[in-house]
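Visitor: Produce the entire structure from the sequences given, and follow the hints as far as they go.
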Amino acid sequence: MDFSVIKTTCILPESYSSMSYHDAMQQLNPSFSFIDFITPFYLTETLYAWVRITEDISTKINYYLVETESVDYTLNEFINAVGNLNPAVTVEKVNLTKEELLEKFSNHDSVHVKFFSKIKELFD
Amino acid sequence: MKNFSVIELYSTLPDTDVEGNINFTNYVKRYNDSFNITQLLPTDYQEKIYGWNTHLNLSLTSVSVFFIVNPIHNFILIKHFFKEFEKLNQYGFNFEAVNVNINPTEYERIFYGEEKETVETVKLDLELTDMFVHL
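Chains as they are written, first to last, in this note's numbering: chain A, 607 to 730; chain B, 4 to 138.
I should point out that these hints are in silico values taken from the structure, not numbers from a laboratory.
Even for Gly, the Cβ is constructed at its ideal location relative to N, Cα and C.
You may find that some hints are simply not true.
Straight-line C-alpha distance at most 20 Å; calculated PhoX-like pairs for lysine-lysine [unchecked claim]: (1) Lys699(A) - Lys613(A); (2) Lys724(A) - Lys699(A); (3) Lys710(A) - Lys32(B); (4) Lys51(B) - Lys724(A); (5) Lys699(A) - Lys710(A); (6) Lys710(A) - Lys724(A); (7) Lys710(A) - Lys726(A); (8) Lys704(A) - Lys726(A); (9) Lys51(B) - Lys86(B); (10) Lys82(B) - Lys51(B); (11) Lys82(B) - Lys724(A); (12) Lys613(A) - Lys724(A); (13) Lys613(A) - Lys704(A); (14) Lys724(A) - Lys90(B); (15) Lys32(B) - Lys90(B); (16) Lys726(A) - Lys32(B); (17) Lys724(A) - Lys704(A); (18) Lys704(A) - Lys82(B); (19) Lys86(B) - Lys726(A); (20) Lys86(B) - Lys724(A); (21) Lys613(A) - Lys710(A).
Here are some chain A residues the structure puts well away from chain B; computed CB gaps all over 10 Å [as the list claims (entries may be wrong)]: (22) Lys613; (23) Pro619; (24) Ser621; (25) Asn635; (26) Ile641; (27) Asp642; (28) Pro646; (29) Glu683; (30) Leu691; (31) Asn692; (32) Glu706.
Guide: Spelled out as structure tokens, the structure:
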């Protein structure tokens, strides 16, 4: 595999639990543009896909599949970008087995693929 | 109201000697006279795909095929389309499969052909108008 996984975790207030992660964070952080933040990563083809999952009532988890060669740079960019968000978002690099990733891609709130060719071997 | 995702398949055209009024289906028919885009869809697509259309860009050098799909089936359809469109590699295509977020302006451009692109709207569920979901 030539990609790595960055995981972000955010516990939303329960009053936002029925909203999508994106919509809730947009309401809670109106000055932050997720589109502006994320777009450069897929324009430079360093971000291949992401999956959003809800655990418990309102714990929102994102798994980002990114290019391994630049994962540390991307990780730092993510950490810097979410540093002032409310509620706090934790960012970490995680190791997942192929089976664990397949499970994430099968059970999710949403999935967004930017370059299927870069991750297709995972799903062959 | 329906939520939906948009999947785009895009590739450069293998041959740039293209007439200005040709669409994607007719372009592929130059290589395979029996080509029909529904050959690349899942057999039970009616429950998963709300509509699609095809664009050749203004310079007639690339093609995009946009599918509006039920987001529940988003990922399995990306896998399906990528595999099926690989069948066109024999003619010189090399398709990439991606999700795209579209705003209302882009929706008009993509699905109502406001630009002078060659647009081939094969099927469109009109109940979808003005509804967008962020992935």
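Visitor: A separate judgement is required for each hint: does it hold in the structure or not?
Guide: Hint-by-hint comparison with the structure:
no., hint, result
1, Lys699(A) - Lys613(A), "6 Å, holds"
2, Lys724(A) - Lys699(A), "19 Å, holds"
3, Lys710(A) - Lys32(B), "39 Å, violated"
4, Lys51(B) - Lys724(A), "24 Å, violated"
5, Lys699(A) - Lys710(A), "16 Å, holds"
6, Lys710(A) - Lys724(A), "17 Å, holds"
7, Lys710(A) - Lys726(A), "15 Å, holds"
8, Lys704(A) - Lys726(A), "12 Å, holds"
9, Lys51(B) - Lys86(B), "17 Å, holds"
10, Lys82(B) - Lys51(B), "14 Å, holds"
11, Lys82(B) - Lys724(A), "12 Å, holds"
12, Lys613(A) - Lys724(A), "19 Å, holds"
13, Lys613(A) - Lys704(A), "15 Å, holds"
14, Lys724(A) - Lys90(B), "18 Å, holds"
15, Lys32(B) - Lys90(B), "14 Å, holds"
16, Lys726(A) - Lys32(B), "28 Å, violated"
17, Lys724(A) - Lys704(A), "15 Å, holds"
18, Lys704(A) - Lys82(B), "16 Å, holds"
19, Lys86(B) - Lys726(A), "10 Å, holds"
20, Lys86(B) - Lys724(A), "13 Å, holds"
21, Lys613(A) - Lys710(A), "12 Å, holds"
22, Lys613, "18 Å, holds"
23, Pro619, "20 Å, holds"
24, Ser621, "20 Å, holds"
25, Asn635, "15 Å, holds"
26, Ile641, "7 Å, violated"
27, Asp642, "12 Å, holds"
28, Pro646, "15 Å, holds"
29, Glu683, "20 Å, holds"
30, Leu691, "17 Å, holds"
31, Asn692, "19 Å, holds"
32, Glu706, "16 Å, holds"
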